[in-house]
Structure formats: structure tokens, C-alpha cells
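Peer 1: For reference, the chains in residue letters:
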Amino acid sequence: MKKSKWQIFTNGLFKENPVLILLLGCCSVLAISVTVQGALGMGLALTFVLVGSNVVISLLRKVIPDKVRIPCFIVVVATFVTLVEMVVEAYLPDLYDALGIFLALIVVNCIVLGRAEMFASKNGVVDSLLDGLGMGLGYTLVIVGIAVVRELLGSGTLYGFRIIPEGYQIGIITQTPGGFMMFGFAMALLIFCLRKKGKKFDPRIGCDGNCGNCAAGCANAVTDLKTEDGGLTAKEGSES
Amino acid sequence: MSEAAKLLLIAFSMIFTENYVLVQFLAICPFLGVSKNFDSCLGMSGAVIFVMTLASAVTWTVYHFLLVPFDLTYLQTIVFILVIAALVQLVEIVLKKFIPPLYKSLGIYLPLITTNCAVLAVTILNITENYNLLEACVDGMTAGIGFGLALILFCGVRKALERAKPPKCFEGLPITLIAAALTSMTFMGFAGIAEKLFH
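Chains U and A, in that order, give the protein sequences.
For the record, in the first sequence the residue sitting at position 71 is 71 according to this note's numbering, with numbers rising by one throughout.
For the record, in the second sequence the residue sitting at position 44 is 44 according to this note's numbering, with numbers rising by one throughout.
Some hints here could point you the wrong way.
Derived CB-CB ranges, DEER-like [unchecked claim]:
id, chain 1, residue 1, chain 2, residue 2, range
1, A, 96, U, 162, 55 to 61 Å
2, U, 67, A, 75, 21 to 27 Å
3, U, 97, A, 69, 47 to 53 Å
4, U, 62, A, 197, 55 to 61 Å
5, A, 133, U, 62, 55 to 61 Å
EDC-like, lysine to aspartate or glutamate: derived pairs with alpha carbons at most 20 Å apart [said to hold, decoys possible]:
id, chain 1, residue 1, chain 2, residue 2
6, U, 197, A, 171
7, U, 67, A, 162
8, A, 36, A, 18
9, U, 200, U, 66
10, U, 15, U, 127
11, U, 122, U, 66
12, U, 199, U, 66
13, U, 200, A, 171
14, U, 197, U, 16
15, U, 199, U, 89
16, A, 196, A, 3
17, A, 36, A, 162
18, U, 196, A, 162
19, U, 199, A, 171
20, A, 36, A, 171
Calculated directly from the structure, the hints in this document are not laboratory data.
Note that beta-carbon positions come from the ideal geometry of N, C-alpha and C, so glycine has one too.
In isolation and in its complexed conformation, chain U is listed as follows:
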């Protein structure tokens, strides 16, 4: 079954949204979604890294030996992240401060390594580029969506402009518990909408569930690990 180019692109936006459906890259979504500005910057930075690394890895997929593919992927990703870090630090110092350590942590963002492993290393350059773009924008969509709600309720502003007068904010929304809670609500909303349409919520791990061979570090599939001939297999799939 061959997907059309358009399907590959929209796949990441909705059907296999990396954050809400594949449950990857949650850390930065929770941490950065405090302001819309930061969220937008983070989303675009991640999209750039994702597209760049997907293209390069797809170009090199026949050259990279299978055994050392993970370190190779990491080097490619880290190169792009360093590039982004330097550019952002030089031209957008405010954003650099807002993103803090999470900019450097794009290196170990499960989405980037996950897509390298699951898609770019098996598909052509154009497809990988579209996949990277779709996944990156899907991530941006979710993080900005959560940030709009959090900034509005938590600080009473939207993209820095005051909407709700001072003194009427729910401070906790901008703090850690608010992050978890808003993410939970976003996911509940998604499930609610899907159920209305008569569809089932089907969080996929988007991989073969074999965390032992994967670099994504998401450990989503790991519920019950057991060793078999040195490797490990996850017995249960994703969240049920």
C-alpha cells in the first residue's frame, strides 16, 4: 500500500500526530507550553531539526551500517540542533532564554529519533522531507494549542497581549501541575471528539514495540520487559 505525498504530509498532522497519538516528545510540550511565543519558537525549531535530519538520514540510509545506525542518527540530529542553538542564541536571545535547556534537548527528543528510525531510514528523500514537515507541524499545532489555553488562563495574556485583567489569573496553570493537567485535558478532548465520531482512540507507539533496539528512549511500549537472547521484547503494546 503506497501512500500519496499528501497523505504522508497530513499523516503527522492528524492521524499519527506525534504528541497526542504517538505520545512522543511530551517533555518539551509540557515545559514550553507556558507562553505562545515560546511554544511557536520551539515548534519551529523542532520542525527545522526534524526536516533536516530526516532528509540527511534518508540520503545516507544506504551508507549507514545497520549496527551503528543509532550513533549515526544522533550525530546528524545533534549537528542540526547545534546549528539551531547557535542561530537562536545569536538572533533571538529572548527565545533562547525562554527555551533554556529544552533547545539542546531536541537532540534526545523522541520524535526526531523516532522518525529517523521508523521513517527516514526506510523511505526516500522527498517522502522523508514531507514526513518531517508534517510531524513537525503536528507537534507545533499541539504545543501552540496547549500554550494558548495555558497562557490565557495562567497569565491572562495571548502572545504577550493582555486579555484578562491582572489579578484574575489561575497561577497554577503556568506551573508544573498545570502542564500535566492541560495535557491530560487536551488528550481527553481528543478522545471525546473521536468518540463522538464513533471512532476509537488508538494511541499507537508507531513502532514495533521493541524498545531494546530503539534510540527513541520513549519506553512507551515497556510495560513488562523480558530478555530473550540478550535482546528485549515488550510484551504489551501501548496504553490500553
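We have chain U; now place chain A onto it with these hints.
Peer 2: Leaving out everything else, chain A in the frame of chain U:
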């Protein structure tokens, strides 16, 4: 502040006030993925504590004795992640060969934490905070302990959640996230204690 007090302050804030998982949003993926099962919680925390301590020591040394003298500090991110990846591989091989019982309990979690974002974060923060080698090691170890504490606490919460009956659209992950929010709220209670305690 004396050195010992400083170390205690680092340890206290890493475990409670600045807990990586529940306050700083690091390593959320394994936090949600592994916390279903108590044994995997223990294994994962053990592996993380072990690797974080080692990685802190090694990256600190690499940074101050290789990157700084050769003026290559802008390569920090690439070098650190590669050092961590190589270190994890090395630890796996050494454990497998020399300490099989430890390998049995930690081994399967090791490859998973190569890209655990908390490991890279702790090594980078060690540099930005200007810690010395000992402080960096303590920082790494206690950050790992904080991760383990959060994981094990949350595992208990999840056990109780299994018997709860949330609304249909909250079933599964959403209610788990709400529970995580409440768990992290309890850690907010520690805010500000550290400074008062050690001054």
C-alpha cells in the same frame, strides 16, 4: 556556605524542590511508560542513577580537560550525547562480563536511557551551574534518585488509579496525566524549604 552544606543543598533540591520529573518536566516519557509496573520502576531508577552519576563525572572531565583547552565548547551538545551513548554501551558490556547479577537487573533498561532527556540535561546543567567535579557527581546521583522517587511514588498512585472509574473520555492516559498533576502539586510544597534549611 561550606562545601558539605553546598552538597547537601544540591542533593535536597535535586530530590525534592527541583525534582527532574515532577518539577522540571524532564524524562516524562519513561515516567509515563515504565511506571505501570513496580519491578520495572526499580530497574529503571537503578539504571538511571548509575548512568547519571557516571555521565556527570565523565562529561565534566571531558568538558574541562578537552573542550575548554581546545576552545571547542560550542560542540558541547554533540560531544555530550556521544559520550553518553558510548558510556551506556560500555557500561552494558562491562556489567555483562563482570557483574552478571547487576546486569540482569539493570541491563535491559540501559539501552533505553541513552536518550533519556534527563541524562543529557543533568550533564549540561552541571556545566551551566559551574559545579566542580564532586558537586557534579552528587548532582547527577541525586537527580537520578529524585527520578526514582517520583517514579516509585507514581507507580503507587497508578495502582490505585486502576480501580478508579473516571469518565469515559478520561480513561487511560488522560487520567494518568491528571494524577501526575496532583502528584507534582505535592512536590510544590517543598518550594523554598531548601534555602531556609541550609542558610
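Peer 1: None of the hints should be skipped; say for each whether it holds.
Peer 2: Hint check results:
1. Taking the beta carbon of each, residue 96 of chain A and residue 162 of chain U are about 59 Å apart, inside 55 to 61 Å as hinted.
2. Roughly 25 Å separates the CB atoms of residue 67 of chain U and residue 75 of chain A, a value that falls within the hinted 21 to 27 Å.
3. For residue 97 of chain U and residue 69 of chain A, the Cβ-Cβ distance of about 28 Å falls outside the hinted range of 47 to 53 Å, so the restraint is violated.
4. Take residue 62 of chain U and residue 197 of chain A: their Cβ atoms lie about 58 Å apart, and the range 55 to 61 Å holds.
5. A hinted range of 55 to 61 Å for the beta carbons of residue 133 of chain A and residue 62 of chain U is inconsistent with their spacing of about 43 Å.
6. Under the criterion of a C-alpha separation no larger than 20 Å, the hint pairing residue 197 of chain U with residue 171 of chain A is consistent with the structure, at around 17 Å.
7. Proposed proximity of residue 67 of chain U and residue 162 of chain A is contradicted: the alpha carbons are some 40 Å apart, above 20 Å.
8. For the suggested pair residue 36 of chain A and residue 18 of chain A, the alpha carbons sit about 24 Å apart, so the restraint of at most 20 Å is broken.
9. Using a Cα cut-off of 20 Å, the hinted pair residue 200 of chain U and residue 66 of chain U is violated, with the two alpha carbons roughly 36 Å apart.
10. Among the hinted pairs, residue 15 of chain U with residue 127 of chain U is consistent with the structure: their alpha-carbon atoms are about 16 Å apart, no more than 20 Å.
11. In summary, the hint linking residue 122 of chain U to residue 66 of chain U is supported, as the alpha carbons are separated by about 12 Å, within the 20 Å threshold.
12. At most 20 Å may separate the alpha-carbon atoms for a hinted pair to count; residue 199 of chain U and residue 66 of chain U exceed this at roughly 38 Å.
13. For the suggested pair residue 200 of chain U and residue 171 of chain A, the alpha carbons sit about 12 Å apart, so the restraint of at most 20 Å is met.
14. With a CA separation close to 17 Å, the supplied pair residue 197 of chain U and residue 16 of chain U stays within the 20 Å bound.
15. For the given pair, residue 199 of chain U sits about 44 Å from residue 89 of chain U by alpha-carbon distance, which is inconsistent with the 20 Å threshold.
16. With a C-alpha separation of about 17 Å, the suggested pairing of residue 196 of chain A with residue 3 of chain A holds against the 20 Å cut-off.
17. Straight-line distance between C-alpha atoms of residue 36 of chain A and residue 162 of chain A comes to about 10 Å, which keeps the hinted pair within the 20 Å bound.
18. The hinted pair formed by residue 196 of chain U and residue 162 of chain A fails the criterion: a straight-line CA distance of about 25 Å is larger than 20 Å.
19. Our distance criterion of 20 Å between C-alpha atoms is met by residue 199 of chain U and residue 171 of chain A, whose separation comes to about 15 Å.
20. As the CA atoms of residue 36 of chain A and residue 171 of chain A are separated by approximately 15 Å, the hinted pair is consistent with the 20 Å bound.
Of the numbered hints stated above, those contradicted by the structure are hints 3, 5, 7, 8, 9, 12, 15 and 18, listed in ascending order.
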